Amino acid sequence: MIVTVIALFVLTVIGYLINFVTKPRYFPPGPPWLPFVGSSTIIQKLTSQYGSQWKAYSQLAKEYSTNVLGLKLGSELVVVVFGEKNVRHVFTEREFEGRPNSFFLRLRCFGKRMGITSVDGPLWQEHRQFTVKHLKNVGFGKTAMEMEIQKELLNIYDYLDRHRSEAINPKDILAKSVMNILWKYTAGERIKEERLNCLLDLLNERSKAFSMAGGWLNQWPWIRFILPDLSGYTLIKKMNQQISDIIEETIVKHKNKEIEGSDFIYSFMEEMNKNNETFTGTIKDRLSRYLDRRLTNYKQRRRICFIVVVTI
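Okay, so the sequence shown: first residue is 0 according to numbering that gives the first Met the number 0, each after it adds one.
A few of these clues could be false.
[As the list claims (entries may be wrong)] Lysine-lysine pairs mimicking DSSO-like chemistry, simulated, CA-CA at most 30 Å apart: (1) LYS132 to LYS256; (2) LYS111 to LYS132; (3) LYS111 to LYS254; (4) LYS111 to LYS84; (5) LYS22 to LYS44; (6) LYS84 to LYS61; (7) LYS141 to LYS44; (8) LYS191 to LYS170; (9) LYS132 to LYS252; (10) LYS150 to LYS132; (11) LYS111 to LYS273; (12) LYS111 to LYS135; (13) LYS132 to LYS191.
[To be verified] Here are the computed distance ranges between Cβ atoms for each label pair: (14) HIS162 to GLU193: 14 to 22 Å; (15) THR91 to LYS132: 20 to 28 Å; (16) TYR63 to VAL89: 15 to 23 Å.
Rather than coming from a laboratory, the hints here were simulated on the basis of the structure. These numbers were taken from a predicted model, which means no experiment stands behind them. Just so it is clear, CB atoms sit at the ideal spot from N, CA and C, and this is done for glycine as well.
Take the sequences, apply the hints, and build the full model.
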């Protein structure tokens, strides 16, 4: 009896491993898959070697002579496309409009799928239409916003002038300026300097700890119970708390009418009052996701830094 059970167990494990490393029919070319980790170790090695994840993908695409690269990160199948034609096809066809529903994404969203960048279907259309309409109504993308950008630009010039004799990394000051402009139209005010610095520090730590897909934590969520610090779970929870604190403070100020003028949150409040919806929970969810996206657009900040350096 025991021999039979052991034999069945061994056969089950072997079958699982064979199934795990076997690629689906017509799956795009790419590196071989290892049991349990898939292509993750190869991606990690190349990312360290070339300095960024996109360079690792590009190197693999060249190695396998393909513009459509097939990978497996943990247990998730991933396809990476290259070339203008393929990228345009992915961006314009309806079958690619779906958003991921991974553990890492839900962890960043306080356990839910929410916000323009994380939902799809009718809910995405509703969020997008409302956001675009009301941000434009409060001046987003108009002359008033240009004036705000000019003010921030003067602050940057002043900062550069005061640190003329020092080596300066423009990444942080540009991130603060971009975030403050966006938050001005969202919440009617700037984020406190100390709190924003703390958030940006956490962001930099997170960018080092995770790939775009969430790394090991997304592939094996149970690892957070064994190695919460090493897996990055503690870091994400800490950043979520910082974002939550900013949102809570902003909600209270708007409820008490402490913020003058009009902004996106006031528009959201009016809309929810019309529909007799509970304001606090919903606006906190959506703003948390919005703030997280604005803070974590690390690559966009790097492109802005490059433009500034070239301009100077």
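So, going through the hints one by one against the coordinates:
Distance restraint check for LYS132 and LYS256: the Cα-Cα separation of roughly 22 Å lies within the 30 Å cut-off, and the hinted pair is therefore satisfied. Distance check on the hinted pair: LYS111 and LYS132 sit about 24 Å apart at the alpha-carbon level, within 30 Å; holds. Distance hint between LYS111 and LYS254 is fulfilled; the C-alpha atoms sit about 24 Å from each other, no more than 30 Å. For a cut-off of 30 Å, the pair hint linking LYS111 to LYS84 is broken: about 34 Å separates their Cα positions.
Of the pairs offered as hints, the one joining LYS22 and LYS44 holds, with about 22 Å between alpha carbons and a cut-off of 30 Å not exceeded. Among the hinted pairs, LYS84 with LYS61 is consistent with the structure: their alpha-carbon atoms are about 17 Å apart, no more than 30 Å. With a C-alpha separation of about 45 Å, the suggested pair LYS141 and LYS44 falls outside the 30 Å cut-off, and the hint is violated. Taking the CA atoms of LYS191 and LYS170, the gap is about 18 Å. The hint holds against a cut of 30 Å.
With a C-alpha separation of about 23 Å, the suggested pair LYS132 and LYS252 falls inside the 30 Å cut-off, and the hint holds. In summary, the hint linking LYS150 to LYS132 is supported, as the alpha carbons are separated by about 25 Å, within the 30 Å threshold. Simply put, LYS111 and LYS273 have alpha-carbon atoms about 25 Å apart, close enough for the 30 Å limit, and the pair holds. Taken as a hint, the LYS111 and LYS135 pair is honoured in the structure, with Cα atoms around 27 Å apart against an allowance of 30 Å.
Of the pairs offered as hints, the one joining LYS132 and LYS191 holds, with about 27 Å between alpha carbons and a cut-off of 30 Å not exceeded. Remark: the range hint 14 to 22 Å for HIS162 to GLU193 is upheld by a beta-carbon distance near 20 Å. Range check, THR91 to LYS132: Cβ separation about 23 Å, and the 20 to 28 Å hint holds. Roughly 19 Å separates the CB atoms of TYR63 and VAL89, a value that falls within the hinted 15 to 23 Å.
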